[in-house]
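Engineer: Residue numbers (this note's numbering), protein chains in the order written: chain Y, 624 to 845; chain V, 107 to 306; chain F, 17 to 260.
No wet-lab data here; the hints were simulated from the structure.
Bear in mind that the values here come from a model prediction, so they are computed numbers and not experimental data.
Even for Gly, the Cβ is constructed at its ideal location relative to N, Cα and C.
Heads up, some of the hints might be wrong.
What the hints assert, rightly or not - The following label-pair restraints were derived from C-beta to C-beta distances:
#, chain 1, residue 1, chain 2, residue 2, range
1, Y, Leu783, F, Ala40, 44 to 52 Å
2, Y, Met827, F, Trp193, 37 to 45 Å
3, F, Phe188, V, His185, 50 to 58 Å
4, Y, Ile798, F, Ser213, 55 to 63 Å
5, Y, Thr816, F, Ile186, 51 to 59 Å
6, F, Pro184, Y, Leu783, 31 to 39 Å
7, F, Thr26, Y, Arg692, 36 to 44 Å
8, V, Gly120, Y, Arg692, 22 to 30 Å
9, V, Gly126, Y, Ile798, 50 to 58 Å
10, V, Arg249, F, Glu33, 36 to 44 Å
11, V, Gly279, F, Ala30, 43 to 51 Å
12, V, Gly126, F, Thr166, 25 to 33 Å
13, Y, Arg813, F, Trp193, 50 to 58 Å
14, V, Ala217, F, Asn24, 39 to 47 Å
As the list claims (entries may be wrong) - Derived coverage of chain V by chain Y (criterion: at least 3 residues anywhere in the stretch with Cβ under 8 Å from a Cβ of chain Y; other residues may be distant):
#, segment
15, 203-215
16, 295-302
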Amino acid sequence: MSALAALFVRDVRLAIRVGGGALIGVLFFLIVVTLVPFAIGPDLALLARVGPAILWLGALLASLLTLDRLLAIDHEDGSLDLILTAPVTLELTVAVKAIAHWLTTGLPLVLAAPLLGLLLNLEPPATGAVALTLLVGTPALTFLGLVGAAVTVALRRGGLLVAVLVLPLTVPVLIFGVAASNAAIVGPVRFGTPFSILCGLALMSIVVGTFATAAALRHAMD
Amino acid sequence: MRLVGSDLACFRGGRQVFSGLSFAVGAGEALVVLGPNGVGKSSLLRLVAGLVARSGGVLSLEGSDPELTIAEQAHYLGHLDALKPSLTVTENLTFWSRYLGSGERTQAALAAVGLDGIAELPAAYLSAGQRRRLSIARLIAIRRPLWLLDEPTSALDTAAQAKLAALMGEHLGGGGLILAAAHGPIGLAAPQELRLGGAP
Amino acid sequence: MALIDLANPTRFRALAEAVLPWLAAATVVAFGIGLEQVYFAPDDYQQGATVKIMFLHAPVAWLSMMAWGVMSVAALGTLVWRHPLADVAAKAAAPLGAAFTFLCLVTGSLWGRPMWGTYWVWDARLTSELVLFLMYLGVIALWRTIDDPTRAARAVAVLTLVGAIDLPIIKFSVDWWNTLHQPASVFRVGGSTIDASLLTPLFVMAIACTLLFFTLHLAAMCNEIMRRRVRTLLMLQAEAAGGH
Numbered sequence: 624m625s626a627l628a629a630l631f632v633r634d635v636r637l638a639i640r641v642g643g644g645a646l647i648g649v650l651f652f653l654i655v656v657t658l659v660p661f662a663i664g665p666d667l668a669l670l671a672r673v674g675p676a677i678l679w680l681g682a683l684l685a686s687l688l689t690l691d692r693l694l695a696i697d698h699e700d701g702s703l704d705l706i707l708t709a710p711v712t713l714e715l716t717v718a719v720k721a722i723a724h725w726l727t728t729g730l731p732l733v734l735a736a737p738l739l740g741l742l743l744n745l746e747p748p749a750t751g752a753v754a755l756t757l758l759v760g761t762p763a764l765t766f767l768g769l770v771g772a773a774v775t776v777a778l779r780r781g782g783l784l785v786a787v788l789v790l791p792l793t794v795p796v797l798i799f800g801v802a803a804s805n806a807a808i809v810g811p812v813r814f815g816t817p818f819s820i821l822c823g824l825a826l827m828s829i830v831v832g833t834f835a836t837a838a839a840l841r842h843a844m845d
Numbered sequence: 107m108r109l110v111g112s113d114l115a116c117f118r119g120g121r122q123v124f125s126g127l128s129f130a131v132g133a134g135e136a137l138v139v140l141g142p143n144g145v146g147k148s149s150l151l152r153l154v155a156g157l158v159a160r161s162g163g164v165l166s167l168e169g170s171d172p173e174l175t176i177a178e179q180a181h182y183l184g185h186l187d188a189l190k191p192s193l194t195v196t197e198n199l200t201f202w203s204r205y206l207g208s209g210e211r212t213q214a215a216l217a218a219v220g221l222d223g224i225a226e227l228p229a230a231y232l233s234a235g236q237r238r239r240l241s242i243a244r245l246i247a248i249r250r251p252l253w254l255l256d257e258p259t260s261a262l263d264t265a266a267q268a269k270l271a272a273l274m275g276e277h278l279g280g281g282g283l284i285l286a287a288a289h290g291p292i293g294l295a296a297p298q299e300l301r302l303g304g305a306p
Numbered sequence: 017m018a019l020i021d022l023a024n025p026t027r028f029r030a031l032a033e034a035v036l037p038w039l040a041a042a043t044v045v046a047f048g049i050g051l052e053q054v055y056f057a058p059d060d061y062q063q064g065a066t067v068k069i070m071f072l073h074a075p076v077a078w079l080s081m082m083a084w085g086v087m088s089v090a091a092l093g094t095l096v097w098r099h100p101l102a103d104v105a106a107k108a109a110a111p112l113g114a115a116f117t118f119l120c121l122v123t124g125s126l127w128g129r130p131m132w133g134t135y136w137v138w139d140a141r142l143t144s145e146l147v148l149f150l151m152y153l154g155v156i157a158l159w160r161t162i163d164d165p166t167r168a169a170r171a172v173a174v175l176t177l178v179g180a181i182d183l184p185i186i187k188f189s190v191d192w193w194n195t196l197h198q199p200a201s202v203f204r205v206g207g208s209t210i211d212a213s214l215l216t217p218l219f220v221m222a223i224a225c226t227l228l229f230f231t232l233h234l235a236a237m238c239n240e241i242m243r244r245r246v247r248t249l250l251m252l253q254a255e256a257a258g259g260h
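Given these sequences and hints, build the entire structure.
Structural biologist: Written as structure tokens, this is what we have:
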């Protein structure tokens, strides 16, 4: 088994075994979606109209708030020291960790979105569109969020700081994700246009996120 | 193979930790860095391991593979154990041996440190000494010429310290190098000593 | 036998394993009678046969709240009376409460679909149940996150009691927020508004579900005791492996 495969298996195992496991992100997603009708009223027509936006915001927050511990734990127990001195390219290591995190946090959110769409009275085409945009958008969120996690890795209380740093960077992903979802429901723009831009943003985030995170980790070591 | 440092300086945490430090360790030799707390022993080890930037001087591992950095040919055993409590003993060691090397000698390494009896136990249940021994197993599972040991005997009882001394002896006998930081003797036969703690 | 005699896990398990077969049998009998009564109960003139979902929905709704009550009593047992098995009772009750709440949500959704046209409306009763479901999941997450059972027990106990105080407030505010669901018609001050022919099956099903809860709860408590025993054995094994 190669080094990167071993790292992937370890990260997935840890994500599943520790604490709430992979489902704590989904639980947070569910709570956010539940809170919105308390705030804006139970008008089903209104909820269906803002449904994609609510799902996107919930997924965004659920993705980011689980990221700060990803690197901080490795830093605190000395694993990061060993990872940095291994004969494995740091960029590849970062990418593998991000993929493992997305599989255990982002993907469950994508799978939970249709069920939550039911709560918000979304029609199946709308829910499908939201799920598809989330499938493309959540990797972007993971890779961008990782940059924030790396920049704050040595801090004791990274949590909200990571969110503060990264959320502005995720605005384009949010805009085009919601726009693509709404385009599938009401038009007038075709779904493909904002969706392709979303895909482009996702690819760019993956590349930039990987290199930026690796650079930040190298500089964070002392 | 020789590890040579000349005129090394380290600036860390806003202060000059040490400067003008020189030493040389050859194959089969060990160097123990002694001195009071805060004098820079750990910083020196981390500097050689590539985790702290060098602010001056030259460090080279002569006779080594030119493709690899010094860090990639050294084992760094610091204060922290790099163990995940929710993984078992075997899973922890297997991960590191596959990540840092070829991952074949896990069972033998566990036996060498006396942990093969509890190989399937989650690491959360280990005592401090057992965790230390698991970290040491990492050094046995993957062969690297240079060992950087930061207070390796802490948390170990007498029997475990004797075992560590035997393992270090085997490593030196096979042509390895050891650079260790300690407060006192750690079981090496006749190591060079480098005392830090004079005026900077 | 005083409550303190049950504090010994071994004796408790012995007692539980003696009682469990009887409880399980009683549950099966109660469900048998209940389902037979439900089958023969009259259809609603408006909703037709779908009203019979109520015979499952209402009892599991009551039980979802009773489970929190069980957890609250257990929480007091942990914090105030220091009963050794109180935290076992609390930990065993949480997933059961979550399951009953989930069942309540699903049956409520299915019951309402013919009337509402969608699977979910944000009406007061179902929304309160949803919030309760989230609270159960939170408690389960907390149990899983803290490693040491004793510390976990105390943290969860505090959370449970805060939840118990908060639940009436939540219910009241959600009611005030919205009323779409029909008003709770079974227990009213002026007597119930449900016809007597529907009351009997309802109460029998309620008894059956209650018996089911306690059967599962006892079994879950035995499992939790075994789990802790395994944990202790693992810890002893680590110590015995010699060497510090």
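Engineer: For every hint, state whether the structure bears it out.
Structural biologist: To see whether the hints hold, each was checked on the structure:
no.: 1; hint: Y:Leu783 with F:Ala40: 44 to 52 Å; in the structure: holds, 50 Å
no.: 2; hint: Y:Met827 with F:Trp193: 37 to 45 Å; in the structure: holds, 43 Å
no.: 3; hint: F:Phe188 with V:His185: 50 to 58 Å; in the structure: holds, 54 Å
no.: 4; hint: Y:Ile798 with F:Ser213: 55 to 63 Å; in the structure: holds, 59 Å
no.: 5; hint: Y:Thr816 with F:Ile186: 51 to 59 Å; in the structure: violated, 44 Å
no.: 6; hint: F:Pro184 with Y:Leu783: 31 to 39 Å; in the structure: holds, 32 Å
no.: 7; hint: F:Thr26 with Y:Arg692: 36 to 44 Å; in the structure: holds, 39 Å
no.: 8; hint: V:Gly120 with Y:Arg692: 22 to 30 Å; in the structure: holds, 28 Å
no.: 9; hint: V:Gly126 with Y:Ile798: 50 to 58 Å; in the structure: holds, 57 Å
no.: 10; hint: V:Arg249 with F:Glu33: 36 to 44 Å; in the structure: violated, 55 Å
no.: 11; hint: V:Gly279 with F:Ala30: 43 to 51 Å; in the structure: violated, 60 Å
no.: 12; hint: V:Gly126 with F:Thr166: 25 to 33 Å; in the structure: violated, 54 Å
no.: 13; hint: Y:Arg813 with F:Trp193: 50 to 58 Å; in the structure: violated, 39 Å
no.: 14; hint: V:Ala217 with F:Asn24: 39 to 47 Å; in the structure: holds, 41 Å
no.: 15; hint: 203-215; in the structure: holds (count 4)
no.: 16; hint: 295-302; in the structure: violated (count 0)
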